[in-house]
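Protein chains in written order, with this note's numbering: chain A, 1 to 154; chain B, 155 to 308; chain C, 309 to 813; chain D, 814 to 1318.
It is worth saying that the hints were derived from the structure and are not from the lab. Relax, there's no trap hidden among the hints.
Pairwise CB distance ranges, derived in the manner of DEER restraints:
hint	chain 1	residue 1	chain 2	residue 2	range
1	B	D259	D	D995	21 to 29 Å
2	C	P375	A	E109	29 to 37 Å
3	D	D1198	A	E3	34 to 42 Å
4	D	A944	C	P747	47 to 55 Å
5	C	P375	A	E3	44 to 52 Å
6	B	T158	C	R672	34 to 42 Å
7	C	G636	B	E223	52 to 60 Å
Idealized CB from N, CA, C, for every residue including glycine.
So the chains spell out like this:
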Amino acid sequence: MSETEVRIGGEAVEPADGWRLDWADHRNGTGLLVNGERVIPVVVEGGGSEWTVTIRGRRIPVTVRTWRERLMAEAETSARGRIAPVALKATLPGLVVAVRVAPGDEVGEGDPLLTIEAMKMQNEVRAPRAARVASVAVTAGQVVATGAELLTLE
Amino acid sequence: MSETEVRIGGEAVEPADGWRLDWADHRNGTGLLVNGERVIPVVVEGGGSEWTVTIRGRRIPVTVRTWRERLMAEAETSARGRIAPVALKATLPGLVVAVRVAPGDEVGEGDPLLTIEAMKMQNEVRAPRAARVASVAVTAGQVVATGAELLTLE
Amino acid sequence: MSLRTDITAPSRPPFKRVLVANRGEIAIRVMRACRELGISPVAVYSDADADALHVRRADRAERIGPPAPGESYLSIEAVLDAARRSGAQAIHPGYGFLSENHAFARAVEGAGLTFIGPPAATLEMLGDKLAARRSAEAAGVPTVPGTTVAVDGDGPDLARLGFPIMLKAAAGGGGRGMRRVDSAGDLGDALASARREALSAFGDETVYAERVVSPARHVEVQLLGDRHGALAVLGERDCSVQRRHQKLVEESPSPAVDEATRAELFESARRVAGAVEFHNAATVEFLLDEDGNHFFLEMNTRLQVEHGVTELVTGVDMVAWQIRVAAGEPLPPAVLDAPRSGHAIEVRIYAEDPYAGFAPAPGRVTAWLMPDGPGVRVDAGVESDTDLPSEYDPLLAKVLVHAADRPAAIARLRRALDETLIGGVQTDAGFHRWLVDHPGFAAGRYDTSFVEREWGRGPALGAEDSALAAAAALQARRTERVPSPTPADTGSAWGRIGREEALRE
Amino acid sequence: MSLRTDITAPSRPPFKRVLVANRGEIAIRVMRACRELGISPVAVYSDADADALHVRRADRAERIGPPAPGESYLSIEAVLDAARRSGAQAIHPGYGFLSENHAFARAVEGAGLTFIGPPAATLEMLGDKLAARRSAEAAGVPTVPGTTVAVDGDGPDLARLGFPIMLKAAAGGGGRGMRRVDSAGDLGDALASARREALSAFGDETVYAERVVSPARHVEVQLLGDRHGALAVLGERDCSVQRRHQKLVEESPSPAVDEATRAELFESARRVAGAVEFHNAATVEFLLDEDGNHFFLEMNTRLQVEHGVTELVTGVDMVAWQIRVAAGEPLPPAVLDAPRSGHAIEVRIYAEDPYAGFAPAPGRVTAWLMPDGPGVRVDAGVESDTDLPSEYDPLLAKVLVHAADRPAAIARLRRALDETLIGGVQTDAGFHRWLVDHPGFAAGRYDTSFVEREWGRGPALGAEDSALAAAAALQARRTERVPSPTPADTGSAWGRIGREEALRE
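Next up, chain A with everything else stripped away, as it sits in the complex (with noise of 0.2 Å):
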């Protein structure tokens, strides 16, 4: 596994050199990293290319290839379009509060597409990038499911 590629928010990061991982609970993730030196207690979940491991209370999402999935992912990627329509989904479930902006709306990075509210805060929905509101897929008194859609941009 020498090709092995390790990214965390897409850069890639070089595994800290004379630390082991032991678990201590194989079933829930738990374990500590320890050098002979030091030991830190972590959680590692996840499966395959995917992990998340919490080190001092901080949940970092981490990925693991082999580069044959690099080879596959890569192929992916230039696959796709450049800028491709987006649609914007709920990533909790919760009550749509205020809708502020209606099909042929610009809206620029940062601006307040909707209001939802979840576990008793109001959260608002911002524009990822500047972008023409395509469609909206939900109402004012809508309650949401996580993935649910709410709206797309062009």
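Position chains B, C and D relative to chain A; hints supplied.
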């Protein structure tokens, strides 16, 4: 399972009415007995006809047998002789520090037979009934494992 | 050989059965107090909580409706029905939900049950934050300059206060419905937004305005009163580590309060309480400016999330005494004159992502390892393998520490957080672990904008943690390829390192 | 806004690295103190402990030999080698094992490391219990009537003391090698047995004799001294709930000690310590008779198992201060004059069967649920799915509670024990659950023969528990027959009961 019989310490026991077992974690046997008025945390371990239920810190061995299992157990008992020789076995691993009897000795119920040190404590092994010592399988200074035969009473 | 006589334990349970009209960690906390007083606790649950930990800790549990809070934990009728069905003699409302709802308190008393909290009339008066401001002013307690009536329409007259100002829900509390406004141009949007959140959270869109005190610390004074007029002032808590005007960390004593300021705060708290009919537990919240001047904010007529900080410092069991004074017991001198000792800090473990603006992070808690040992207290509402309902507040647990002094408490908190391991969801634990190493926090120098200023969306992922995470994931993937590990693979890493070192030597 | 100044925290770690020469709960306790002081803790382990929890809590771990204690935890050479390999500057011995071994203490100092405990010469002198008795007598402290020299041969001269007498190992402590003798006829066997156990436990078969004081309470005084002559007396503990002369339960303050007796006990403890060169932690043990007279028993020159009781009542972190005074730090007034508040009780959770004479019950701990919440502290050495080595002391954990007074502490302990669930092995938890409901314990009226007299081999299994166990096993067997349960079967029992009640209405 209307013919199922529950026995504790050799006595048939009527299961408490109106109580329901609610598993908290099936894997480790923790759960609650609930009757709508009180809850009692329990650990239930075992399987088949042999169970151990921990209530208020006490481990209680419970036998749960169907009528078929009862018939088979009764047949087995009547086939056995009345006063069979008894082989005493080590219930813990430990060090034999003293052997107090020799083959041919007559011992009374409760008489000390030998001393085993385990978990930093000296434990006396005593005669379960009056008998003659048939054979002694260990000597002082010997380390014994759980289940090792210590001596036989006629 | 004479026996000591103990005077403060009740000779018999104050109630036979108490309904706990809440969920999560606070329901469990209240049930523990019930059990220690010999009271049988009754839980309530919505359909989202049928398997919740608080349900399993009760002797009896009553379903009160579907997941939506308005149809379950906020439904006066559903909770009262549950109390009647269960035969409870009293109701403890916890915090949030119906705890400060005067109509609920009246309905409980009207049903012939005891409401474990201050009098309904006091809940009503102090629930109107504008009326509470006026009452405090009348009692000679300083308040933050602002409006004494609701803000009308688009509120153009607010300009006379000078910006920045803070808009607050008159029916509010807990930071909801609050909006900071920095200039007249932002006022319209902020008003609309504050009113919308106020209406959603409290069913009342009335807002008022206060001038922003900045930098300021949020310091509050804990009160406990009996039905016979005795009032205990159980010290202050500093709750300035906040995000979105909601508390993340609380400590007592406040590192910003000297003895003279403390005496002033206690005196103001006594005056605020003295202006109303009061018994049971309440907290008087103040802002403290850089010069040590304090301004009344509001009086919360319920148990606070952070009551444990006061319990650690005073040794007074706040929840047990709420129940006992509700049953008519007088507060003894041991409570009224409770000495304070040592230093306590609480951190709240929310299922939220501090690296993404503290956005809620619902999901399933997988691993759940909490600290224990000397000076550590954990009040938790979940355990391992728990699905978090998205309908409710994402507070999972509170980790509290107590030590001889503040530096020792911080060191203990660091140790406790290092023992804390939570899988499945992002929590605030990462923020707290950063906080205990922050020199400003160590020096006690922080204010209510500390989190926004010093944390923001958190530090960039450091090179060391990045490399460690990479090493962990890489090795996890490698061990994953061995379906049933051989003993040599599952043995202690220490054993392996030991062997390797032995080979090297 | 002035900042409080805190005076008792060390400005930098007293040591960089400390080796903890012990295992189980006490190793973890000491490591926690290290971490809170900024010290990197090093574990040692025998082959039986390669996967033990205390190993996983250390920054570094050193193998010291095979499972047999004599070749690992009791091996001076192996422990010193481990300390040298790891680069530790000091060694904390915990309790038991090498903690009171003067040769070890000398070897540690000889290797240029700091021994975290009293001076080696003091360990040596007080390790000889006969010499300690003579020293106490010389200091004017009352001792139990008995021999001042070792018992010779078959000890016929002991008859002059009058029976019953207690035989004790001169090199002993912790109840090992102790034998009660009720008549001259039993003397020969008892002497042989006491000498055998003394030789096995301490490598020295010398025994001495004391008249039995009965009824008596075992009350001990906690001392903490610095290297500059300052001595803190941190209150007493009552340890009269014992089986086989070994403690099961400890509490502070003692319900049998009034202020006058307390002052006498403290004065006697000071005199005993004043007669030797002393620093670090030690405990002076006394017997207290029915009239409140006290008799010196021995002085233990180490941390006690039950030190947490004192920590809860005084707020003084005993282990941290052991390390700090070992490094030369003076004790501050906050420790020397630490006020005591509230009441603390500790129960020891051993893997042993209280229904079978407290015989060891080794095995595998499966379920392991410990209590938490207000006023509860757990110091544990195991977690779920832990094999218990049969080579070592079967102490699994200590559950401690702290509350405002003794009745509240007992109520809290009852609640904590009701939250405690251990599977796989029998423990003392069943005994403790019985104890908290015992009227004699509730009244504080118990002595060192309480367990033997009131418990014996425990009450017969009651009809209710029997019927409940039967119901649980029967239903477990039934659910076992469903290999993969449907959601309806695994749902909350509350949900099901709720549904059934709804159908009934």
